[in-house]
Amino acid sequence: MNKLELQKTANEVRKGIVTSVHSAKAGHPGGSLSAADIFTYLYFEEMNIDPAEPKKADRDRFVLSKGHTAPGLYSTLAQRGYFPVEDLKTLRHTGSYLQGHPDMKHIPGVDMSSGSLGQGISAAVGMAISAKLSGDDYRVYTLLGDGEIQEGQVWEASMLAGFRKLDNLVVIVDNNNLQIDGPISEVNSPYPIDKKFEAFNFHVITIDGNDFDQIDAAFKEARETKGMPTAIIARTVKGKGVSFMENQVGWHGAAPNDEQYAVAMADLEKVGEALCQM
Amino acid sequence: MSDVKKIATRESYGNALVELGKEHEDVVVLDADLAAATKTGVFKKAFPERHIDCGIAECNMIGVAAGIATTGKVPFASSFAMFAAGRAFEQVRNSVGYPKLNVKIGATHAGISVGEDGATHQCNEDIALMRTIPGMVVINPSDDIEAKAAVKAAYEHQGPVYMRFGRLAVPVINDNEDYKFELGKGVVLREGKDVTIIASGLPVSNCLEAAEKLAKDGIEAKVINIHTIKPLDEELVIAAAKETGKVVTVEEHSVIGGLGSAVCDVLSENAPTKVLKIGINDVFGESGPAVELVKKYGLDADSIYTKVKAFV
Numbered sequence: 001m002n003k004l005e006l007q008k009t010a011n012e013v014r015k016g017i018v019t020s021v022h023s024a025k026a027g028h029p030g031g032s033l034s035a036a037d038i039f040t041y042l043y044f045e046e047m048n049i050d051p052a053e054p055k056k057a058d059r060d061r062f063v064l065s066k067g068h069t070a071p072g073l074y075s076t077l078a079q080r081g082y083f084p085v086e087d088l089k090t091l092r093h094t095g096s097y098l099q100g101h102p103d104m105k106h107i108p109g110v111d112m113s114s115g116s117l118g119q120g121i122s123a124a125v126g127m128a129i130s131a132k133l134s135g136d137d138y139r140v141y142t143l144l145g146d147g148e149i150q151e152g153q154v155w156e157a158s159m160l161a162g163f164r165k166l167d168n169l170v171v172i173v174d175n176n177n178l179q180i181d182g183p184i185s186e187v188n189s190p191y192p193i194d195k196k197f198e199a200f201n202f203h204v205i206t207i208d209g210n211d212f213d214q215i216d217a218a219f220k221e222a223r224e225t226k227g228m229p230t231a232i233i234a235r236t237v238k239g240k241g242v243s244f245m246e247n248q249v250g251w252h253g254a255a256p257n258d259e260q261y262a263v264a265m266a267d268l269e270k271v272g273e274a275l276c277q278m
Numbered sequence: 279m280s281d282v283k284k285i286a287t288r289e290s291y292g293n294a295l296v297e298l299g300k301e302h303e304d305v306v307v308l309d310a311d312l313a314a315a316t317k318t319g320v321f322k323k324a325f326p327e328r329h330i331d332c333g334i335a336e337c338n339m340i341g342v343a344a345g346i347a348t349t350g351k352v353p354f355a356s357s358f359a360m361f362a363a364g365r366a367f368e369q370v371r372n373s374v375g376y377p378k379l380n381v382k383i384g385a386t387h388a389g390i391s392v393g394e395d396g397a398t399h400q401c402n403e404d405i406a407l408m409r410t411i412p413g414m415v416v417i418n419p420s421d422d423i424e425a426k427a428a429v430k431a432a433y434e435h436q437g438p439v440y441m442r443f444g445r446l447a448v449p450v451i452n453d454n455e456d457y458k459f460e461l462g463k464g465v466v467l468r469e470g471k472d473v474t475i476i477a478s479g480l481p482v483s484n485c486l487e488a489a490e491k492l493a494k495d496g497i498e499a500k501v502i503n504i505h506t507i508k509p510l511d512e513e514l515v516i517a518a519a520k521e522t523g524k525v526v527t528v529e530e531h532s533v534i535g536g537l538g539s540a541v542c543d544v545l546s547e548n549a550p551t552k553v554l555k556i557g558i559n560d561v562f563g564e565s566g567p568a569v570e571l572v573k574k575y576g577l578d579a580d581s582i583y584t585k586v587k588a589f590v
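Residue numbers (the working numbering), protein chains in the order written: chain A, 1 to 278; chain S, 279 to 590.
To be clear, the hints were calculated from the coordinates, so they are not data collected in a lab. Among the hints, a few may not be true.
[Claimed, not checked] Heads up, simulated BS3-like pairs for lysine-lysine below, C-alpha to C-alpha not over 27 Å straight-line: (1) 430/S - 132/A; (2) 494/S - 574/S; (3) 132/A - 322/S; (4) 105/A - 283/S.
Please read these numbers as outputs of a predicted model, since none were measured by experiment.
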């Protein structure tokens with residue numbers, strides 16, 4: 001996909017995020033919107049996957065370690081054809097397969113159940129180790145929140161990934177700078193994030209995570225990096241694309257009401273129209 | 279019983295893993311810097327490339343095992359019960375139990391028979407914790423033969439399994455030709471009409487000894503070995519309770535949430551029976567030689583005999 005197509009797709013992914021969270025009357029739009037470009041790039045450009053065969057043995061794997069941003073993942077999977085976009089409206093509804101956090105048992109395309117922060121990266125490390133053990137060449141991607149890296153388990157997993165030189169693993173940190181209780185730098189600062197991963201023997205790339213040129217360059221660089229895992233520190237805007245949600249901590253885990261939903265969709269329609277003029 | 283062959287079930291675990299490793303290429307063993315103690319060291323020696331030492335990071339180890347399981351290999355994650363079931367409880371619940379991944383947890387050094395290391399390392403709560411996870415199979419073998427059979431059965435079972443092993447060498451009691459390990463099935467070791475002793479793990483051999491002493495006093499105790507605590511052999515437990523009218527449970531675990539509780543759960547609904555629970559009575563352990571602690575905490579044959587006699 002070229003950059004424009006990626007941008008258009010990401011905008012559709014954002015619509016799905018807002019729509020699903022609005023329908024659920026609960027969920028996490030902020031961190032889903034900030035990571036929408038990363039999700040889109042992974043599933044439409046980077047990963048070797050086949051929506052018709054979600055469990056294909058040699059597929060690349062993705063673990064959403066920051067599992068609360070499931071709306072972002074689900075919307076991307078739906079756009080990619082794993083399940084109907086219409087189903088996004090059943091998010092978090094009783095009986096729906098679209099659980100509040102990723103559920104690998106019931107959702108096509110979900111490679112690992114996650115949601116309890118800090119655990120997904122360990123599973124991703126396990127997948128990468130497994131590939132190395134059997135000489136498989138699939139790659140493993142995992143997306144973490146910048147607040148999530150306060151969890152000690154993240155560093156247990158990173159130590160093992162660096163030590164075992166897992167160059168088939170890419171850890172992406174969605175660095176939108178906000179967690180539930182406020183800016184990460186005010187709650188319990190994990191900065192400097194890049195130096196931490198460097199110290200754990202990662203190749204570190206810092207980018208604007210809402211810029212497809214930089215995203216594209218970073219994943220290409222990760223692919224060429226041998227002998228060590230890559231950490232991409234993606235600086236993003238929480239709530240990206242919805243005017244009243246951008247950089248607002250209150251939209252970490254809140255659903256828009258009907259009026260807010262209309263405004264949000266109008267914002268995204270406007271972006272979509274602008275992209276069509278390009 | 280000095281002439282009886284004694285082997286710690288953690289040794290059985292390591293040896294069984296080597297056998298499994300020879301037969302199955304998909305077996306991967308993980309440890310957290312305790313390979314020498316959990317006895318996975320023998321597997322490491324035989325299959326170094328399939329032994330992943332995660333260092334002192336049990337929570338991550340469980341997650342790594344979960345990730346490996348998603349790719350179709352069969353990971354055995356090993357540590358002390360305290361850390362595998364205790365420290366990493368939430369990882370076991372959310373990364374293994376919830377997605378029902380094919381992870382086997384080999385937890386050694388369970389119970390007070392850890393001995394000298396004392397209370398911090400004597401896990402008397404692991405069975406209670408693991409039982410509460412939906413879909414988790416919980417096995418607590420009583421001797422070398424059963425432990426090795428349990429490892430094999432765990433491999434063959436599709437889904438998460440928690441296996442509990444001990445540090446102390448225990449008598450081999452299942453060395454009869456017709457011994458057969460069946461997941462979820464209890465084993466009647468002795469028939470009796472006056473009381474049923476249901477035991478699991480380390481104290482099973484002591485219960486047999488206690489039953490012999492009781493017999494001399496004219497009390498015939500039926501002895502059941504429950505190696506699989508979940509799923510529990512409910513049919514056998516209910517039938518035995520109806521048959522003997524009184525039940526005693528014996529375990530090297532807290533009386534809260536373990537075998538005794540599992541038996542009471544079943545009996546209270548199906549065959550209300552008076553039950554005496556022998557185990558660790560809501561206290562922490564302490565340092566001391568394992569054999570002395572087993573006696574001090576009332577799990578030796580004499581203590582079991584005395585308590586059962588008073589109960590009957």
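Do the hints match the structure? See the list:
no.	hint	result
1	430/S - 132/A	26 Å, holds
2	494/S - 574/S	24 Å, holds
3	132/A - 322/S	17 Å, holds
4	105/A - 283/S	46 Å, violated
When held up to the earlier numbered hints, the structure conflicts with hint 4 and nothing else.
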